[in-house]
Amino acid sequence: MFEGTVRSNLDPLGEYTDNQIWEALNCCQLGDEVRKKELKLDSPVIENGENWSVGQRQLVCLGRKTLRQQFLETTVITIAHRITSVLDSDMVLLLDDGVAVERDTPTKLLEDRSSLFSKLVSEYTMRSMQT
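The opening residue of the sequence shown carries number 197 in this note's numbering; numbering runs sequentially from there.
Hints in this document: simulated from the structure, not taken from any laboratory. Any given hint could be a false lead.
Said to hold, decoys possible - Below, a list of computed lysine-lysine pairs in the DSSO-like style, where the Cα atoms sit at most 30 Å apart:
id: 1; residue 1: Lys233; residue 2: Lys261
id: 2; residue 1: Lys315; residue 2: Lys304
id: 3; residue 1: Lys232; residue 2: Lys261
id: 4; residue 1: Lys261; residue 2: Lys236
id: 5; residue 1: Lys232; residue 2: Lys315
Stated by the list, open to error - Per label pair, the in silico range of CB-to-CB distance:
id: 6; residue 1: Glu219; residue 2: Asn247; range: 20 to 26 Å
id: 7; residue 1: Lys304; residue 2: Glu199; range: 40 to 46 Å
id: 8; residue 1: Glu219; residue 2: Arg309; range: 32 to 38 Å
Beta carbons: idealized from backbone N, C-alpha and C, even for Gly.
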């Protein structure tokens, strides 16, 4: 990321509409985070994106690419620390100690109370309510 705004980092040449930029942000799971900021698309980005987390910086780069080319027939692998960031995914592959232990849609995994994914989401929800 470079110094400027969210908008200028996603669309440095000013080629896209706000709606297209928001669509790209939503597509890469960053739309809600940018909406929380007071200046939204005009929120500042300092040099090297130091005022954004590493994960957010990566998502901005993904958003930049998404603006140029939609990933209709592409697989995007998300490695998440916040379990809720994968709830909108088409498919979840859960690894435990480097071994694939579950693979299905988030909905199906959540419906199965014995699922490790379901247990992780429940634990995350309980911890979030305590803070």
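Results for each hint:
no. : hint                        : result
1   : Lys233 - Lys261             : holds, 22 Å
2   : Lys315 - Lys304             : holds, 13 Å
3   : Lys232 - Lys261             : holds, 23 Å
4   : Lys261 - Lys236             : holds, 20 Å
5   : Lys232 - Lys315             : holds, 29 Å
6   : Glu219 - Asn247: 20 to 26 Å : holds, 24 Å
7   : Lys304 - Glu199: 40 to 46 Å : holds, 44 Å
8   : Glu219 - Arg309: 32 to 38 Å : holds, 35 Å
Figure legend: structure checked against the earlier numbered hints; every hint is met.
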